[in-house]
Amino acid sequence: MNRSVDPKKVNSELFTLTYGALVVQLLNDLESVEEVNKQLDRMGYNIGVRLVEDFIARTSADKCYDLRETADKIQAGFRLYLGVSPSVGGWGPAGDEFSLTLDSNPLAEFVELPETCSNMRYSAILPGIVRGACEMVHLEVTSWFVQDQLRGDPVTELRVKFVKRLEDSVPPGED
Amino acid sequence: MAEEALFEFLHNEIVAFIIENEHETKKEDGGQNAVSKLERIGFAAGYRIVERLTREWPRFKDELDTMKFICKDFWLAIHRKQIDNLRTNHQGVYVLLDNRFRFLANMSAGKQYLESSPKYLAYMCGMMRGALSNLGLNCVVTAEVTHMPACKFHIQVQRS
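For the protein sequence lines, the chains are A and B, in the order given. Just so we're aligned, residue 1 is where the first sequence starts under our numbering, counting upward by one. Just so we're aligned, residue 1 is where the second sequence starts under our numbering, counting upward by one.
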């Protein structure tokens, strides 16, 4: 008889299932799907702001001098916290934007979107995390999904665009 | 472990959001409603995760066997440790003691912030209720903290 569980697997499932339960609760509590997207993004931002500290402490990461280094760090972050390695690519001509492509989305592992939620951004917490984390290291970025497997696309693609470098004196912005 | 940090931050955000959302619509039920929402989120997650944990397991012999599972393997899978103490009166009441409960561990070691501890326990109470419910036991789970970060969970099996 097999009485063992894989703790690593459980942990990611715990996160996924908790996230799912949260989304359901948000859909109950808030009036519109847009409102839910916004709320998830905001929560992601709050998590990112704190997660970046944990990330730097764990990996003793150095300051990034260009966006390519930042992209590598974000990729490392996905590997560390979600156990997936997105591929980095799709660089814009000015080198100020890139895509993170995920073959499978760990957040959406057990999810099917009903028809009524067709404009739902189920994993909206991820771009929020990226934005919050970058802001704490003085990079203002915007981040959004261009492809989502839950909406029938072949892969999940997260786009990240550099906006500007934040100066030291600027206090951390409220959402 | 790294993924734990992510989960803990998510839990904090859920608590913060639910409580904040409740302040805005406070007229109806006061604060009680917020805690029950947290409990419901936990219930849904617990109900599902236990199904995956016990997929290849033999059937539990009896109620005590199920409780032992909760204290050992379930707790180990979720919190990377076992429950420190399990007590029962053999009439359907179980008391589980965790000396260093994860959601409180980074908060304080003593009486500071004691009054805000209940909202950080509701999720886990729901989670245990959900897990037990999927294993065929209808329970009421409550938690009690007198000295952080130790936490006592009371499980009362409802028989009818």
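Careful: at least some of the hints might be erroneous.
As the list claims (entries may be wrong) - Across the chosen pairs, the derived CB separations fall in these ranges:
id, chain 1, residue 1, chain 2, residue 2, range
1, B, 89, A, 146, 31 to 41 angstroms
2, B, 138, A, 69, 40 to 50 angstroms
3, A, 72, B, 111, 58 to 68 angstroms
4, B, 140, A, 96, 54 to 64 angstroms
5, A, 61, B, 84, 31 to 41 angstroms
As the list claims (entries may be wrong) - Selected chain B positions facing chain A (in silico; Cβ < 7 angstroms):
id, residue
6, 3
7, 6
8, 7
9, 9
10, 41
11, 51
12, 104
13, 105
14, 109
The hints are simulated quantities; they were obtained by calculation from the structure and are not laboratory data. Keep in mind it's a predicted model, so treat the numbers as computed, not measured. Ideal placement from N, C-alpha and C gives every residue a C-beta, glycine not left out.
Do the hints match the structure? See the list:
Hint check: residue 89 of chain B to residue 146 of chain A, Cβ distance near 58 angstroms, so the stated range 31 to 41 angstroms is violated. About 54 angstroms separates the C-beta atoms of residue 138 of chain B and residue 69 of chain A, a value inconsistent with the hinted range of 40 to 50 angstroms. With their beta carbons about 45 angstroms apart, residue 72 of chain A and residue 111 of chain B fall outside the hinted range of 58 to 68 angstroms. As the Cβ distance of residue 140 of chain B to residue 96 of chain A is approximately 56 angstroms, the hint placing it in 54 to 64 angstroms holds.
Range check, residue 61 of chain A to residue 84 of chain B: Cβ separation about 36 angstroms, and the 31 to 41 angstroms hint holds. At its closest, the beta carbon of residue 3 of chain B sits 5 angstroms from a beta carbon of chain A; the interface hint therefore holds under the 7 angstroms criterion. Of the supplied interface hints, the one on residue 6 of chain B holds, with its beta-carbon coming within about 5 angstroms of a beta-carbon of chain A, less than 7 angstroms. The beta carbon of residue 7 of chain B is positioned within 7 angstroms of a beta carbon in chain A (closest approach about 5 angstroms), and the interface hint is therefore held.
With 7 angstroms as the threshold, the beta carbon of residue 9 of chain B comes within range of chain A, its nearest partner Cβ sitting at about 4 angstroms, so the hint holds. A cut of 7 angstroms between beta carbons decides the hint on residue 41 of chain B: the least distance to chain A is about 4 angstroms, and the hint holds. The restraint placing residue 51 of chain B at the interface with chain A is violated, with a minimum CB-CB distance near 10 angstroms, outside the 7 angstroms limit. Against a cut-off of 7 angstroms between C-beta atoms, the interface hint on residue 104 of chain B is violated, since the closest Cβ of chain A lies about 17 angstroms away.
Because the beta carbon of residue 105 of chain B sits about 15 angstroms from the nearest beta carbon in chain A, more than 7 angstroms, this interface hint is broken. Interface restraint check: residue 109 of chain B against chain A, minimum CB-CB distance 21 angstroms, threshold 7 angstroms, status violated.
Violation of the numbered hints given earlier is confined to hints 1, 2, 3, 11, 12, 13 and 14; the remaining hints are satisfied by the structure.
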